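A.B. asks: My request is simple: use the sequences and hints to build the entire structure.
Sequence lines, in order, name chains A and B.
Mapped onto numbering that gives the first Met the number 0, the consecutive letters of the first sequence carry residue numbers 0 to 105.
Mapped onto numbering that gives the first Met the number 0, the consecutive letters of the second sequence carry residue numbers 0 to 225.
None of these hints come from the bench; they were simulated from the model.
Quick caveat: nothing in here was measured; it's all calculated off a predicted structure.
Some clues are possibly wrong.
Below are the EDC-like pairs computed for lysine to aspartate or glutamate, each with C-alpha atoms no more than 20 Å apart in a straight line [what the hints assert, rightly or not]:
{"no.": "1", "chain 1": "A", "residue 1": "Lys68", "chain 2": "B", "residue 2": "Glu37"}
{"no.": "2", "chain 1": "A", "residue 1": "Lys29", "chain 2": "B", "residue 2": "Asp38"}
{"no.": "3", "chain 1": "B", "residue 1": "Lys67", "chain 2": "A", "residue 2": "Asp51"}
{"no.": "4", "chain 1": "A", "residue 1": "Lys78", "chain 2": "A", "residue 2": "Glu10"}
{"no.": "5", "chain 1": "A", "residue 1": "Lys5", "chain 2": "A", "residue 2": "Glu85"}
{"no.": "6", "chain 1": "A", "residue 1": "Lys5", "chain 2": "B", "residue 2": "Glu54"}
{"no.": "7", "chain 1": "B", "residue 1": "Lys67", "chain 2": "B", "residue 2": "Glu18"}
{"no.": "8", "chain 1": "B", "residue 1": "Lys67", "chain 2": "B", "residue 2": "Glu37"}
{"no.": "9", "chain 1": "A", "residue 1": "Lys68", "chain 2": "B", "residue 2": "Asp26"}
{"no.": "10", "chain 1": "A", "residue 1": "Lys32", "chain 2": "B", "residue 2": "Glu30"}
{"no.": "11", "chain 1": "A", "residue 1": "Lys79", "chain 2": "A", "residue 2": "Glu50"}
{"no.": "12", "chain 1": "B", "residue 1": "Lys191", "chain 2": "B", "residue 2": "Asp20"}
Label pairs and their computed distance ranges (CB to CB) [said to hold, decoys possible]:
{"no.": "13", "chain 1": "B", "residue 1": "Gly163", "chain 2": "A", "residue 2": "Trp87", "range": "37 to 43 Å"}
{"no.": "14", "chain 1": "B", "residue 1": "Gly107", "chain 2": "A", "residue 2": "Arg58", "range": "22 to 28 Å"}
{"no.": "15", "chain 1": "A", "residue 1": "Tyr94", "chain 2": "B", "residue 2": "Gly163", "range": "20 to 26 Å"}
Heads up, the beta-carbon is just placed ideally off N, CA and C, and yes, glycines get one too.
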Amino acid sequence: MEIQLKRGLLEICVLAAIRKEPSYGYQIIKDVKPYITISESTLYPILRRLEDAGNLTVRSVEHNGRLRKYYEITDTGIKKLNDFREEWREIMAIYEFVTREDEGNE
Amino acid sequence: MSKQEFLNEVRARIAGLNEEDIRKALDFYAEAIDDRIEDGLTEEQAVAAVGTPDEISGKILMETPLPKLIKAEARTKPSKGIRAWEIILIVLGAPVWLPVLITVFALGLAVVVTIAALILAVIVTIAAAGIGGVGAVIASLLFIIRGGGMTGLIQLGAALILIGLVVLLFIPGKAAVLWMIELMGRFAGWVKYKFVSRRRGESTDTTYVQTPANIDTVNNEEDENA
Chain A
0 MEIQLKRGLL EICVLAAIRK EPSYGYQIIK DVKPYITISE STLYPILRRL
50 EDAGNLTVRS VEHNGRLRKY YEITDTGIKK LNDFREEWRE IMAIYEFVTR
100 EDEGNE
Chain B
0 MSKQEFLNEV RARIAGLNEE DIRKALDFYA EAIDDRIEDG LTEEQAVAAV
50 GTPDEISGKI LMETPLPKLI KAEARTKPSK GIRAWEIILI VLGAPVWLPV
100 LITVFALGLA VVVTIAALIL AVIVTIAAAG IGGVGAVIAS LLFIIRGGGM
150 TGLIQLGAAL ILIGLVVLLF IPGKAAVLWM IELMGRFAGW VKYKFVSRRR
200 GESTDTTYVQ TPANIDTVNN EEDENA
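C.D. replies: Now the structure itself:
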């Protein structure tokens, strides 16, 4: 997949993984993994970027005698997800158009 | 490799970044390893599943803005301890390395300046033709009113052609400018890549044998280094 596209999609997937409730790194990876290749080394920069952009906030929660970081989506993050949906609707329309062209050529 | 060894390896490779960034990164990976251990992996397996220190530090460094990287580089250098003979070598070697350094720097600068000059040239050309065209139209109209006759009409025609050219050139001109800006961005990216890969090569003093990734939980399938 094209790099920029994958990068953008990964951000969206991470936001989607914390949409319902705050989640932590390992859980996010487990949730996103079935849909797109992701590892810790990829996730870390994405979380930092999303945090810097104000799409999520980080909170440390005590767990088994150590601290675990939970990521919580912000309003800006929710807006980003909604924007993605809108955008994707357009892309799906383009996809329809492109595949129709293919059939026409056969 | 134990968790602590692993974290030390990562730290060595991103040394010089600000403490806050280093601490955040190490906390993140420590948590990732702990979570996997809780999931039933051994410490060894958990470390292997998280990735190699090279891969991890590489991603962190590529995300760091270039100015920060240069600062980090400058900060780590003295800590390695320069010996007296090294200083002597550096000083005596100045006639050799100084011109080389200046050349490399000048080449980089030349690339950036050239692209910037091209961008400016395109913009100035189009703007000049536009302003000149409008001016010429006004001038030739005045000329016709004062009884310039045929010559005035020819001048007016030429002025309109000039304006037409501006309209025609605007779109390709804009595309060319955008393309050149992107080119500049790519050049900066390339410089950064060279920088990061050199840094990475430097710190591979401890050999790290990757354990076979036969762990059934989330182990990192090499994500084709996107």
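A.B. asks: Determine for every hint whether it applies to the structure shown.
C.D. replies: Evaluation of the provided hints:
{"no.": "1", "hint": "Lys68/A with Glu37/B", "in the structure": "holds, 15 Å"}
{"no.": "2", "hint": "Lys29/A with Asp38/B", "in the structure": "holds, 12 Å"}
{"no.": "3", "hint": "Lys67/B with Asp51/A", "in the structure": "holds, 16 Å"}
{"no.": "4", "hint": "Lys78/A with Glu10/A", "in the structure": "holds, 13 Å"}
{"no.": "5", "hint": "Lys5/A with Glu85/A", "in the structure": "holds, 18 Å"}
{"no.": "6", "hint": "Lys5/A with Glu54/B", "in the structure": "holds, 18 Å"}
{"no.": "7", "hint": "Lys67/B with Glu18/B", "in the structure": "holds, 12 Å"}
{"no.": "8", "hint": "Lys67/B with Glu37/B", "in the structure": "violated, 36 Å"}
{"no.": "9", "hint": "Lys68/A with Asp26/B", "in the structure": "holds, 9 Å"}
{"no.": "10", "hint": "Lys32/A with Glu30/B", "in the structure": "holds, 18 Å"}
{"no.": "11", "hint": "Lys79/A with Glu50/A", "in the structure": "holds, 13 Å"}
{"no.": "12", "hint": "Lys191/B with Asp20/B", "in the structure": "holds, 19 Å"}
{"no.": "13", "hint": "Gly163/B with Trp87/A: 37 to 43 Å", "in the structure": "holds, 41 Å"}
{"no.": "14", "hint": "Gly107/B with Arg58/A: 22 to 28 Å", "in the structure": "violated, 43 Å"}
{"no.": "15", "hint": "Tyr94/A with Gly163/B: 20 to 26 Å", "in the structure": "violated, 39 Å"}
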